[in-house]
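Sequence order for the protein chains is A and B.
So for the first sequence, my numbering puts the first residue at 1; every next one is plus one.
So for the second sequence, my numbering puts the first residue at 264; every next one is plus one.
These aren't lab readings, by the way, just hints derived from the structure by calculation.
Just so it is clear, CB atoms sit at the ideal spot from N, CA and C, and this is done for glycine as well.
Among these hints, one or two may not hold up.
Claimed, not checked - One side of the interface only, derived from the structure: several residues of chain B facing chain A at Cβ under 8 Å:
hint	residue
1	PHE346
2	PRO415
3	GLN582
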Amino acid sequence: MRRGRLWAWIVFILGAAYFLLPLIATIQFSLSIRRGTLSLDAYTNVLQSPDFQQTLVYSFLVGIGAIVVGLLLVVPAAYFVRLRAPQLRPIIEFVTLLPLIIPPIILVFGYIRMYSSSSILPLTNSNIGTNILLTLAYVALALPYMYRAVDTGLRTIDVQTLTEAANILGANTITIMARVIFPNIIVAVLSGAFLTLAIVIGEFTIASLLNRPAFGVYMQNVGANRAFEPAALAVISFVITWAAMGMIQLLARFAPRTAALTD
Amino acid sequence: MAEEFLRIENLVKAFGGNTVVKQVNLAFDRGEFITLLGPSGCGKTTILRMIAGFERPTSGSIHVEGKDISPLPPNQRKIGMVFQAYALFPNMNVEDNVGFGLRIANVPVDERRARVDEMLKLIGLPGYGKRFPFEMSGGQQQRVALARALAPKPRMLLLDEPLSALDAKIRVSLRQEIRAIQRDLGITTIFVTHDQEEALSISDRIVVLSAGNVEQFGTPFEVYNKPATRFVAGFVGQLNTLSGTVTDPATRAVAIDGQNVTLPNLPSNAKTGDHVSLTMRPEAIQLANGHVRDVVLDGTVSEVSFLGSVIRLKVNLGQNAIHLDTFNDQHTPPPAHDEKVQITLSGSDILVLGE
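The following block holds chain A by itself, in its conformation from the complex:
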């Protein structure tokens, strides 16, 4: 028993070291911009850079757009697959996995070919059009995560009975989705949303090839031209991601619960 516990601690410490040591090294390096002393100058440089603020805001807005479009697409689709066409689930799951199989560079070349100036829908001809294209590309990129998150949320509730209960009380499909289904899968939806945001914030390939001022492109530029600032940026990215994960955990506490007390 005692021996088992010792081994558990050893495994835990080794695992923690594997994850924490690179992080500690990155933090230490980001603080070493001045010789012989620790300093936050690298962080100040990054945070004060207008490019940092602009690209972060841009990526954030595109991320929000991708989340909204993604949810409008995924929530009704996952709901109807569960309710009316469960036999289509394997097909839908396969389709949602495609963005993981197709590399972003192929995806973006496909988009450019489809929506360039010579196409029927020349989205790349204008900034707004290219922004829309980037948003839609991120919707596709986040589809595997968003669909799975929403589907997992739907699995935790009795979709069919809740739908029927609301329906017989007079509600139509839109009301049922808005007032009954969506509020009960909100935590799953938010976790899908945060995952989407995390992907969008760090994405480089599509944004770069569509020539958009995104945060991923900015990080790559800084990484190529500076020494300490990339480490500071990496730490900032970690903090943003952890904050997103923390939000998911926090929101999970307010999720509607389904289990009844025992009689």
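Given the coordinates of chain A, work out where chain B should sit on it, guided by the hints.
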């Protein structure tokens, strides 16, 4: 004279090649408490779901107050329904759950609140408005589900095995409450269950179903005492089935394990040597103890089960065995194992079924 409320005509439902409801014809009166009773897969829930509008009939029609409701979607049928799994909305408290249908119908807030309070009083849960479903027991949740179904004043109430998920004690008390509320409101109610005791105890009339067919439609008294088919006789209540051979059709004599009895219910077309099945309820049979009725049989006690107020005996007659219930008498001990006894019953209590 009772007014017809619901009429089901030639109702058929098939899922692929499997027909689960076969040409069902039924008519219920306004304010009746009807139970659809049958084993799993008999089509009772499918009929209920077609009345609710969740399933589309393959053929046939459903008329409420003379109008065919088959083409209407569920949200336009003005029907209340309680589900087996409660189906309360987890994101809403009791007040919002009960008021959901009223909100959809755009009932003003004040009126809605008053109706919700009225409903919570009706189900015996006043003051529970702010609680969430997860803070309540299964029995309480099902009462809230009942209040939610009744709040918009539906013209009919459907109950889909609402007591199945509850423990035995709560089940009995809640079914009595449901019946009392239904009587109070006078609302036509269709209740689905596989539990014959539940069906017998609360229904005005019972529809017994088997394999998509209506086996019998009648009052609990009729269904229990005058089962129309062998299935009904076996499914509703305890039943003894004995094998006999017709020995003299003229005198309606049948031999059971060599003992001759006279059966007034023997069909007139019975012939000598015909094998017949004789069915009877355990409570119709008594130990003779000197007071014999028109049928008397000798046997040996093979089992004695003391159930408190009732003692259940198994008596072997030879090839046949018979179960009977006798009241516990504090001054007379029950017969012992292997004791020779004489049992008696009235010939009219024996139902004769052809082999």
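### Task
Tell me, in ascending order, the numbers of any earlier hints that this structure violates.
3
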